[in-house]
Amino acid sequence: MSDIRRFAVEETGVIHLRDGSDELMYADEAKKKPMQVTVYSPGSKTFAAAHSRQSNRVMDRLKRKGKTHQSAAEQAEEQAAFLAECTKSFENIEYDKLEGDALYKAVYADTSIGFVSDQINKYLGDWANFTKPASKS
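Sequential numbering of the sequence shown, starting at 726, is according to my numbering.
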């Protein structure tokens, strides 16, 4: 018998961002400072709480006069809020001198760099990105 929890995923994962041309992004010309995002895995309590809050926002919207339609701006704002809640940290990323949650939301909500939020969504959607390295026997 073997405890199935040995297959549990890591708490977080790190994404080295790519630009709109699919090139790795760096904060410096020497390419020594990768622009990276650390996110909480779908197996983490932080992700579960963020997902629950996102579901609750959908339910609240439905309760308000049965409104199911969202404008593009509302969708972007809601998505940015969810991704920000799933983000542990940014490395080598600046935006209007913002920090923490405000920084995350601003980056994720900016449609001119929408490829960033797309990458985070895709990464979060693949459990394999959080798989622990195989132990050597």
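Some hints here could point you the wrong way.
[Stated by the list, open to error] In silico DSSO-like pairs for lysine-lysine, Cα to Cα no more than 30 Å straight-line: (1) Lys758 to Lys857; (2) Lys756 to Lys822; (3) Lys822 to Lys757; (4) Lys847 to Lys770; (5) Lys758 to Lys830; (6) Lys757 to Lys857; (7) Lys788 to Lys770; (8) Lys847 to Lys758; (9) Lys758 to Lys822; (10) Lys756 to Lys770; (11) Lys788 to Lys758; (12) Lys822 to Lys847; (13) Lys756 to Lys813; (14) Lys830 to Lys788; (15) Lys830 to Lys857; (16) Lys770 to Lys857; (17) Lys822 to Lys788; (18) Lys847 to Lys813; (19) Lys857 to Lys822; (20) Lys757 to Lys830; (21) Lys813 to Lys757; (22) Lys788 to Lys857; (23) Lys756 to Lys857; (24) Lys830 to Lys847; (25) Lys857 to Lys847; (26) Lys847 to Lys757; (27) Lys830 to Lys756; (28) Lys830 to Lys770.
Derived by calculation from the structure, the hints in this document are not laboratory data.
Given the structure is predicted, the values throughout are model-derived calculations rather than measurements.
Results of checking the hints against the structure:
1. Taken as a hint, the Lys758 and Lys857 pair is honoured in the structure, with Cα atoms around 25 Å apart against an allowance of 30 Å.
2. With a C-alpha separation of about 22 Å, the suggested pair Lys756 and Lys822 falls inside the 30 Å cut-off, and the hint holds.
3. The hinted pair formed by Lys822 and Lys757 meets the criterion: a straight-line CA distance of about 21 Å does not exceed 30 Å.
4. Only pairs whose Cα atoms come within 30 Å are accepted, and Lys847 paired with Lys770 is accepted, the gap being roughly 19 Å.
5. A C-alpha spacing of about 22 Å is found between Lys758 and Lys830, which places the hinted pair at or below 30 Å, so the restraint holds.
6. For a cut-off of 30 Å, the pair hint linking Lys757 to Lys857 stands: about 26 Å separates their Cα positions.
7. Taking the CA atoms of Lys788 and Lys770, the gap is near 27 Å; set against the 30 Å cutoff, the hint holds.
8. For the given pair, Lys847 sits about 23 Å from Lys758 by alpha-carbon distance, which is consistent with the 30 Å threshold.
9. Straight-line distance between C-alpha atoms of Lys758 and Lys822 comes to about 18 Å, which keeps the hinted pair within the 30 Å bound.
10. Between the alpha carbons of Lys756 and Lys770 the distance comes to roughly 34 Å, so the proposed pair goes past 30 Å and is violated.
11. The hinted pair formed by Lys788 and Lys758 fails the criterion: a straight-line CA distance of about 46 Å is larger than 30 Å.
12. For a cut-off of 30 Å, the pair hint linking Lys822 to Lys847 stands: about 27 Å separates their Cα positions.
13. About 23 Å separates the Cα atoms of Lys756 and Lys813, which keeps this hinted pair within 30 Å; it holds.
14. Restraint check for Lys830 and Lys788: the C-alpha separation of about 26 Å stays at or below 30 Å, so the hint holds.
15. Taken as a hint, the Lys830 and Lys857 pair is honoured in the structure, with Cα atoms around 28 Å apart against an allowance of 30 Å.
16. In summary, the hint linking Lys770 to Lys857 is supported, as the alpha carbons are separated by about 17 Å, within the 30 Å threshold.
17. Distance hint between Lys822 and Lys788 is unfulfilled; the C-alpha atoms sit about 37 Å from each other, more than 30 Å.
18. Taking the CA atoms of Lys847 and Lys813, the gap is about 17 Å. The hint holds against a cut of 30 Å.
19. For the proposed pair Lys857 and Lys822, the alpha carbon gap of about 34 Å is over 30 Å, so the pair is violated.
20. A threshold of 30 Å between alpha carbons decides the hint, and for Lys757 with Lys830 the separation of about 26 Å falls inside it, so the pair holds.
21. With a C-alpha separation of about 21 Å, the suggested pairing of Lys813 with Lys757 holds against the 30 Å cut-off.
22. Restraint check for Lys788 and Lys857: not satisfied, since their Cα atoms lie roughly 41 Å apart, outside the 30 Å limit.
23. About 27 Å separates the Cα atoms of Lys756 and Lys857, which keeps this hinted pair within 30 Å; it holds.
24. Note on Lys830 and Lys847: the hinted pairing holds, with a Cα-Cα distance of about 17 Å set against a maximum of 30 Å.
25. In summary, the hint linking Lys857 to Lys847 is supported, as the alpha carbons are separated by about 19 Å, within the 30 Å threshold.
26. Proximity of Lys847 to Lys757 is assessed by CA-CA distance (about 25 Å); at most 30 Å being required, the pair is judged to hold.
27. Of the supplied pair hints, the one linking Lys830 and Lys756 holds, its CA atoms being roughly 26 Å apart against a limit of 30 Å.
28. Distance restraint check for Lys830 and Lys770: the Cα-Cα separation of roughly 20 Å lies within the 30 Å cut-off, and the hinted pair is therefore satisfied.
In this structure, the earlier hints numbered 10, 11, 17, 19 and 22 are contradicted, and the remaining ones agree with it.
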